[in-house]
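From first to last, the protein sequence lines are chains A and B.
When we follow the numbering used here, the leftmost residue of the first sequence carries the number 953, and every step to the right adds one.
When we follow the numbering used here, the leftmost residue of the second sequence carries the number 11, and every step to the right adds one.
Watch out, some of these pointers could steer you wrong.
Said to hold, decoys possible - Derived lysine to aspartate or glutamate pairs resembling EDC-like cross-links, with alpha carbons at most 20 Å apart:
| # | chain 1 | residue 1 | chain 2 | residue 2 |
| --- | --- | --- | --- | --- |
| 1 | B | 16 | A | 1548 |
| 2 | A | 1369 | A | 1412 |
| 3 | B | 16 | A | 1207 |
| 4 | B | 344 | A | 1036 |
| 5 | B | 23 | A | 1405 |
| 6 | B | 344 | A | 1405 |
| 7 | B | 344 | A | 1349 |
| 8 | A | 1358 | B | 343 |
For the record, the hints were derived by calculation from the structure and aren't laboratory data.
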Amino acid sequence: MSQHKINDFVVKFANVNGSGSASANQLFAKAILRMGVPVSPRNIFPSNIQGLPTWYEVRISEAGYLGARGGVDLMVAMNPQTWDKDVLGIDPGGYLFYDSTKPLPKSKFREDVHVIGMPLTEICNREYSDPRQRQLFKNIIYVGALAALLDMDIAEIEKLIGEQFKGKDKLIAPNIHALHLGRDFAKANFSCPIGLRVRRAQAVGDRIFIDGNSAAALGCVYAGATVAAWYPITPSSSLAEAFARQCRTLRRDADGNSRYAVIQAEDELASIGMVIGASWNGARAFTCTSGPGISLMQEFIGLAYFAEIPAVIFDVQRGGPSTGMPTRTQQADVLACAYASHGDTKHVLLLPEDPTESFELAADAFDVAERLQTPVFVLLDLDIGMNDRLSRPLAWDDSRAYDRGKVATFDELDAGKEFGRYLDVDGDGITYRTYPGTHPSRGAFFTRGTTKDRYARYSEAGPDYIDNMQRLLRKFETAKDLLPKPVLRPALQPTRLGVIYYGSTSPAMQEALDILEQQGLHLDALRVRAFPFHEQVPDFIAEHDHVFVVEQNRDAQLRMLLVNECGIDPARLTAVLHYDGTPITARFIIREISEDAAALKATPMRKVAP
Amino acid sequence: MTFIAKPKLHHPKLPANKLGFTRRDYEGAISTLCAGCGHDSISAAIIQACFELDLPPHRIAKLSGIGCSSKTPTYFLSSSHGFNSVHGRMPSVLTGANLANRDLIYLGVSGDGDSASIGLGQFAHSVRRGVNMVYIVENNGVYGLTKGQFSATSDRGSKSKKGAINTDTAIDMVMLAMELGATYVARGFSGDKAQLVPLIKGAILHKGAAFIDCISPCVAFNNHPGSTKSFDYVREHNEAVNQLDVMLPRETITADYAPGEVEEVTQHDGSVLKLRKLAAEYDIHDRIAAMNFLQQHKAAGEIVTGVLHLDPEPEDLHAHLGTVETPFNRLAEKELCPGTTALEQFNAAHR
Chain A
953 MSQHKINDFV VKFANVNGSG SASANQLFAK AILRMGVPVS PRNIFPSNIQ
1003 GLPTWYEVRI SEAGYLGARG GVDLMVAMNP QTWDKDVLGI DPGGYLFYDS
1053 TKPLPKSKFR EDVHVIGMPL TEICNREYSD PRQRQLFKNI IYVGALAALL
1103 DMDIAEIEKL IGEQFKGKDK LIAPNIHALH LGRDFAKANF SCPIGLRVRR
1153 AQAVGDRIFI DGNSAAALGC VYAGATVAAW YPITPSSSLA EAFARQCRTL
1203 RRDADGNSRY AVIQAEDELA SIGMVIGASW NGARAFTCTS GPGISLMQEF
1253 IGLAYFAEIP AVIFDVQRGG PSTGMPTRTQ QADVLACAYA SHGDTKHVLL
1303 LPEDPTESFE LAADAFDVAE RLQTPVFVLL DLDIGMNDRL SRPLAWDDSR
1353 AYDRGKVATF DELDAGKEFG RYLDVDGDGI TYRTYPGTHP SRGAFFTRGT
1403 TKDRYARYSE AGPDYIDNMQ RLLRKFETAK DLLPKPVLRP ALQPTRLGVI
1453 YYGSTSPAMQ EALDILEQQG LHLDALRVRA FPFHEQVPDF IAEHDHVFVV
1503 EQNRDAQLRM LLVNECGIDP ARLTAVLHYD GTPITARFII REISEDAAAL
1553 KATPMRKVAP
Chain B
11 MTFIAKPKLH HPKLPANKLG FTRRDYEGAI STLCAGCGHD SISAAIIQAC
61 FELDLPPHRI AKLSGIGCSS KTPTYFLSSS HGFNSVHGRM PSVLTGANLA
111 NRDLIYLGVS GDGDSASIGL GQFAHSVRRG VNMVYIVENN GVYGLTKGQF
161 SATSDRGSKS KKGAINTDTA IDMVMLAMEL GATYVARGFS GDKAQLVPLI
211 KGAILHKGAA FIDCISPCVA FNNHPGSTKS FDYVREHNEA VNQLDVMLPR
261 ETITADYAPG EVEEVTQHDG SVLKLRKLAA EYDIHDRIAA MNFLQQHKAA
311 GEIVTGVLHL DPEPEDLHAH LGTVETPFNR LAEKELCPGT TALEQFNAAH
361 R
């Protein structure tokens, strides 16, 4: 039952929320990265501040697979409350590391896993008298032990401790002492290293380790957002907090005055109202929220759509409906955002796959919103929003100018340019607006959610209404070519099978495609990055006999949108759905697609094709 | 309802203000409200106040929610940008607009349904943030556009047109505004333009959260015997605590007042608010005493009007946030985008 796994295994930490384990666990993950081996950690946490169970799952993968894998090779079981479940979750032949201070009956263990018991509490109690120190250093001690057990380079951890406590230098030595305590104990008492090993590699490159919310926030800073209005809600709060933090260093003038405003509003309705007011008045503004907030914003989103006011809305999705699973991940707000509000409405969605793309699409969202004068949703989810992920370094082109869209200036108005707020001068469905206060006698208009004519005058006339609604459809057509195009990954050999996916499914999908390919199942893959769908999306479906649509919700929401908006025969789109709140895994995708593909083979594939 | 254009012609001798504008330049479209509606008198008072203060109309933004009162911004200041937003949410839209450009004057127009019921939260929070604005509630105690339901400012015991008695406690917007830290609080009556115009002028000059509760009878649904928001009732129970005169910094003070009767309050911009005291014991600077006074007189069935509270040195939301003087909507890439060097540092810190 012994196994040797080098740079390809999963370590899971079972902790108690609020015990200070998070930073120690992060230290562990980062040290492996510093050894040149890709890791992808995931926080699995409860809606609680202190006391409930929390897990930190670190996937180590030299091949660079960053999706959740499923299964556990080494369980660091520090939480008696979840012991039974944690022990049960270890793959056969795996390892169980635990605090052996208090003896446990034999029945609490498994025959088919290696058990490594270390008297952590006893060591801490001997070493420290302060209860808080006992708790905090216990975490560092187990990191030290793991370093020995997994053959990690202790110097990398020491270096990281030095960086972490820079400026609080007196904390460095005690932390390193605790680290060594753990390492030395492990070396003296266990046969180190075990069958799971980290070996220095060159597989990280120049990539950065960052969470999607921070990256999206920085995208807003770079895009010139000046107003952020938000209401606290997991898992999006850290986006607003990151924006405020980044602005404090990047957006102050020489006198310390702020070129930004962050308002923690009284609710999500006020948040989106402030965004709409600021955008109407010519500032770049955004809000960030999660599903329940999107529900609350519905009326305002319809107003912004109809009155044609830019607004950037980040939805860091969590499990729904209602309060749902606040600390679990899903892609379940696709339809709620695409068709948000009453009446005939459709909205632009941007679908980043990782933190770097969150940065890029966040910045693009402001250009798109102002170009199209409409709300734009950026759909992240908890998996990319709140977990550190290895991503391409962020890049910016210093010559990039913001696209502020069609705004009539003082000079244009003064020169007598005809101005009608809803007058389609260019035939692309996008009209000119003015900022309030631009010109003493020209260009003022009244903004309303109710019907108006092309000159923004109040009207309840049917033809005026239809004229406006048809123009909004033309504008939506214009949007298709403005938005990020889908990304195609062609199969190694010609195939009649395709797969469509988006957002945080990406890393699991990459891995699944590689493995399916090795197994002889070839699929062309298309990653959708925006709605309304680019021409290439229906074309891709037309080119294949059968297309799988992989997503993380119950109702196959993107598939529904494809059927609806592209007029696709639903029989040609097979839904692959993962929605238990944990991130989708390659294992799941492989199993589902393999089974479905086998079933498809049994019936002639061309039957349903046109 | 259709948009009705007013004739541009006016009397050649119509007086002009310092900017050369006549009162007509501050008007809007012809009102489509009921004949005799109190709201139209408030629109006229806003026009008069802006005219007298020599304000360039395009430097004012007028925002409203939904309801009869919220329709009125169409009927004044046609050279200003207007925003008829969603029900009860004008304050958040105004707050956002104010953040984007601190240089404009923000006029929020709302009603008692819009601000005391569906929008009570947004009203409260915009006031407590100290948004620099003029927030006028055109308070008629009734839902007009939906034909006569009680609103949250309707007094307990007040009778509806159909004869129903209101059993719910009324929300007093003035008390709330004072409690929440509004730095200029006034109550006016649409039937007393001489009192109302200076109240609006004072509010516009005030550089903080200015709130005016303006009792404005609804001639269609709330102007009958038994109503406490009818013209007759308000006239009978109106207790003005002071009469305001607003003096711009450049104006010489000419009005004559008997000594001791008048209090002068010099505001931050140099404008002077001259208050002729009508109630000797009323002190607009003592917020707690003022609130007591208001409660006592309310209990006696009186409607206290005038400037009810004033802080001549207000601090607004921009001051709280420490924002730059330049309006956000004038900042460009060079002021906003940190550039590649900072991004390289960011990348390096995340490896």
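Hint-by-hint comparison with the structure:
At most 20 Å may separate the alpha-carbon atoms for a hinted pair to count; residue 16 (chain B) and residue 1548 (chain A) exceed this at roughly 70 Å. Between residue 1369 (chain A) and residue 1412 (chain A) the alpha-carbon distance is near 27 Å, which puts this suggested pair outside the 20 Å criterion. For the given pair, residue 16 (chain B) sits about 50 Å from residue 1207 (chain A) by alpha-carbon distance, which is inconsistent with the 20 Å threshold. The suggested pairing of residue 344 (chain B) with residue 1036 (chain A) is violated, with an alpha-carbon distance near 58 Å, which exceeds 20 Å.
Between residue 23 (chain B) and residue 1405 (chain A) the CA atoms are separated by roughly 36 Å; this puts the pair beyond 20 Å, and the hint is violated. A distance of roughly 38 Å separates the Cα atoms of residue 344 (chain B) and residue 1405 (chain A); the hinted pair therefore is violated under the 20 Å criterion. For the hint pairing residue 344 (chain B) with residue 1349 (chain A), the CA-to-CA distance comes to about 13 Å; that is within 20 Å, so the pair holds. For the suggested pair residue 1358 (chain A) and residue 343 (chain B), the alpha carbons sit about 17 Å apart, so the restraint of at most 20 Å is met.
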